[in-house]
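Here's the letter readout for the chains.
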Amino acid sequence: MNFTTKTRLLYVIFGIVFAAIISRLFYWQVISGESMAAQAEDQHFYTLEVPAKRGEILFSNQIPLVSNKNAFLLYSNLSKIKNTKSEIAEALSGILYTQIPFVATSGAQVTEEEKDKFLKSSKEELEKKLEKRLNLKNAIWVNLAHFVPRLSKEKISSLKINGLDFTPEDTRDYPEGSMAAQLTGFVGANRIGDPKGYFGLEGNYDRELSGKPGVVKIEKDAFGRPIAIGSEERQEKIDGSTLITTLDRSVQLFTESNLAKGVSDWKATGGTAIVMDPISGAIIAFANLPKYDQANFPYYESKLYKNPGIADLYEPGSIFKPLVMSAALNEAKITPETRCDKCAGPRFVGGYYIHTFNNQYHPNLTMTDTLVNSDNTGMTFVGEKLGFDNLISYVRSFGFGEKTGVDMEEEAIGELRKKENFYEIDKATLTFGQGVLVNALQMVRAFSALANGGYLATPHLVESIKTDDKNIKLSWPKGKRVVSEETARTVSEMMVHVCNESPTHFPKDRVPFLAQYRISCKSGTAQIAFQGKYKEKGTTASVIGYFPTDKPKYLVYVKLNEPEVRPWGSDTAGPVFFAIVRDLINYYGISPN
Amino acid sequence: MIISGVVILVMFLSVVRVIIANASVEASEKLKVLDKKINALAAENELRAEKLRVKESLSALSLKAEKSGFFKVGNYVIAEPKGPVAAVIK
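Sequences listed follow chains A and B, in order. Be aware that the first sequence starts at 1, since it is given in the working numbering, and climbs by one per residue. Be aware that the second sequence starts at 1, since it is given in the working numbering, and climbs by one per residue.
Be careful, since some hints might not be right.
[What the hints assert, rightly or not] Reference listing, derived: stretches of chain A covered by chain B, where coverage requires no fewer than 3 residues with Cβ under 8 Å from a Cβ of chain B:
no., segment
1, 63 to 69
2, 175 to 185
[As the list claims (entries may be wrong)] Straight-line Cα separation of at most 27 Å, DSS-like style, residue types lysine-lysine; simulated pairs:
no., chain 1, residue 1, chain 2, residue 2
3, A, K267, A, K333
4, A, K212, B, K36
5, A, K237, B, K32
6, B, K72, A, K69
7, A, K160, B, K36
8, A, K220, B, K30
9, A, K117, A, K85
10, A, K82, A, K6
11, A, K82, A, K123
12, A, K82, A, K267
13, B, K32, A, K53
14, B, K51, A, K53
15, B, K55, A, K217
16, A, K153, B, K55
17, A, K6, A, K69
These are calculated hints, taken from the structure and not from any lab test. Owing to the predicted nature of the structure, the values given are computational and were not obtained by experimental measurement. We treat Cβ as the ideally placed atom computed from N, Cα and C, and that holds for glycine.
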């Protein structure tokens, strides 16, 4: 090998080595640059995340509906355990099993024996779970229980078991128990285990409530000890904002208790009651049954998490009638004194007979009496006067088939059929609230237009959002005008007659005496559509109304699902409606008229 | 000359650093004690707020009232004024 060949060979070797170095550098710098940088940073710095405090949810008077409280994460350092794992599991389950709630179906009769049996099985189940965790292979640290209350922590600490320790963690506190459960929603964990709000206000305002966690980066030496004069980077945490709601604690309490009494008295499967200011759209109370306990949400069926007042759709029945009546009045097709000359008996429409609910007929009844008697034949007469195109256009204008704009998740809107898909009979039954699916809050929003002089209010729950340094007042725009002020006033007067004179409505022995007050109202009893036909048994019983009629301030809506004792809205939802009205009168000190 | 000046300056600065570090260690000890006190007070404050929330709970108060025998009246009596409650005597 001569000198030139040797030199060339050397060049080639150097070239290969150089290329190898370059490619390795390329790999380090470009391909795995990010992970290497992260690794380097991990070697040089401690990075600590400082969790932000979740914002509170307050009633309108700033008293907490949802707050935070200190709890503890119980964990174990497995290498330090000295007792047997089964001993530890037994001791811990003996303290922690009391945290597992006893969940029973609403109204269920449970004996003490059954309760004891449940507690015993809960303890055994928990003991097995804890023992399994303590026996995890290749694990050094294991989490044993989240959100351990202070009292349980003290009891566990007093056992002086080696290898167990606690770290503080915040949890949600519900001072009023499960009050307004479906409005608040709850806080669970997201995919990586960070807290996240689900459903209701917790879900809808999760970003505002969560805030932003802080980060502290401290330089450390080769042994992992922090360097006192080393560099330190600090990003302060931003605590979550506080929501100030429109809910009134007292009104929410008596609305819930009146609804619970109604559901229990009439053996209903559930119900909804709403109290709203029809002018501003501020929701003062929103009660639902059955409900769940937010603090123990995993133990309840997930179908209870959604707010049925916005997520469940139903046919409204007769409470729809004042809306159709207002449309015909607004179009000047009728007046309250217009008489129905086709209401002497059942009406034959599109191959079907339309009857009244009690098979009693009133020849030449006025439009006011049509509402007072809740007369279906009278309503088909109104529908004919109004015309179907007008009718469907008003139904849309009243907000059906669209979202109410409420600041909660999970709203179902109920699509309206296309005009061409309505048969003659459907056009007739729509006038008395059949063949249209609505949610409870859509009904409340539609009636706000009759109560406030003609425009749709935007229902809402949050009035303002409070951060550390400012209070942001939310603006809830006034909706579009649907009917004129005069029409709204006229229908309101007609509904006063319904409240006062209705022969079948509101059994006097079961409702409080409120004769001195002018209240506009209407009840409804609707069959329940199920798999393409109506259920043979079971109704949706409801009442909607507002008062004082001359200057309405409170719009109240009550719906009972499938009351077993009696099917009628006036008989069942009626007493609940008037009990809420009575309590509102008392609470706000409203004088008669 | 310059070298000895630099050496003296370095020594002087080292002494200053030790003095400052010493002083700040003392201050940080005080800060640590204060910090502990603040944390303890904050924890106590939180605990008291928690207890207060439980005592203030309207649902709990209403249950307590019910157990104590209070009940809600179904109908209210509304007094209608028949004449002036007080009149000016001339």
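>> Next pair to validate is B:K55 with A:K217; report whether the Cα-Cα distance is within 27 Å.
In response: violated (41 Å)
> Within the segment 175 to 185 of chain A, is the number of residues with a Cβ closer than 8 Å to a Cβ of chain B three or more?
Replying inline: holds (count 4)
> Is the Cα-Cα distance between A:K117 and A:K85 27 Å or less?
Replying inline: holds (25 Å)
> CA of A:K82 to CA of A:K6, is that 27 Å or under?
Replying inline: violated (70 Å)
> Under the criterion that the straight-line Cα-Cα distance not exceed 27 Å, is the pair A:K82, A:K123 satisfied?
Replying inline: Distance ~23 Å between A:K82 and A:K123 Cα, so the pair holds.
> Taking 27 Å as the top limit, are the C-alpha atoms of A:K267 and A:K333 close enough?
Replying inline: violated (42 Å)
> B:K32 and A:K53: Cα distance at most 27 Å?
Replying inline: Given that 27 Å is the threshold and the Cα spacing comes to 23 Å, the pair holds.
> Taking 27 Å as the top limit, are the C-alpha atoms of A:K212 and B:K36 close enough?
Replying inline: This hinted pair holds, its Cα atoms lying about 25 Å apart.
> With a Cβ-Cβ cutoff of 8 Å, does the segment 63 to 69 of chain A contain at least three residues near chain B?
Replying inline: Three-residue rule met by the segment 63 to 69 of chain A, so holds; n is 4.
>> Would the hint linking A:K237 and B:K32 be met if the CA-CA limit is 27 Å?
In response: holds (21 Å)
> Is B:K51 close enough to A:K53, meaning Cα to Cα at most 27 Å?
Replying inline: Holds, at roughly 19 Å.
>> Just to be careful, I want the Cα atoms of A:K153 and B:K55 compared with a cutoff of 27 Å; is the pair within it?
In response: With Cα atoms ~22 Å apart, A:K153 and B:K55 stay inside 27 Å; holds.
Consistency with the previously given hints fails for numbers 3, 6, 10, 12, 15 and 17, ordered from lowest to highest.
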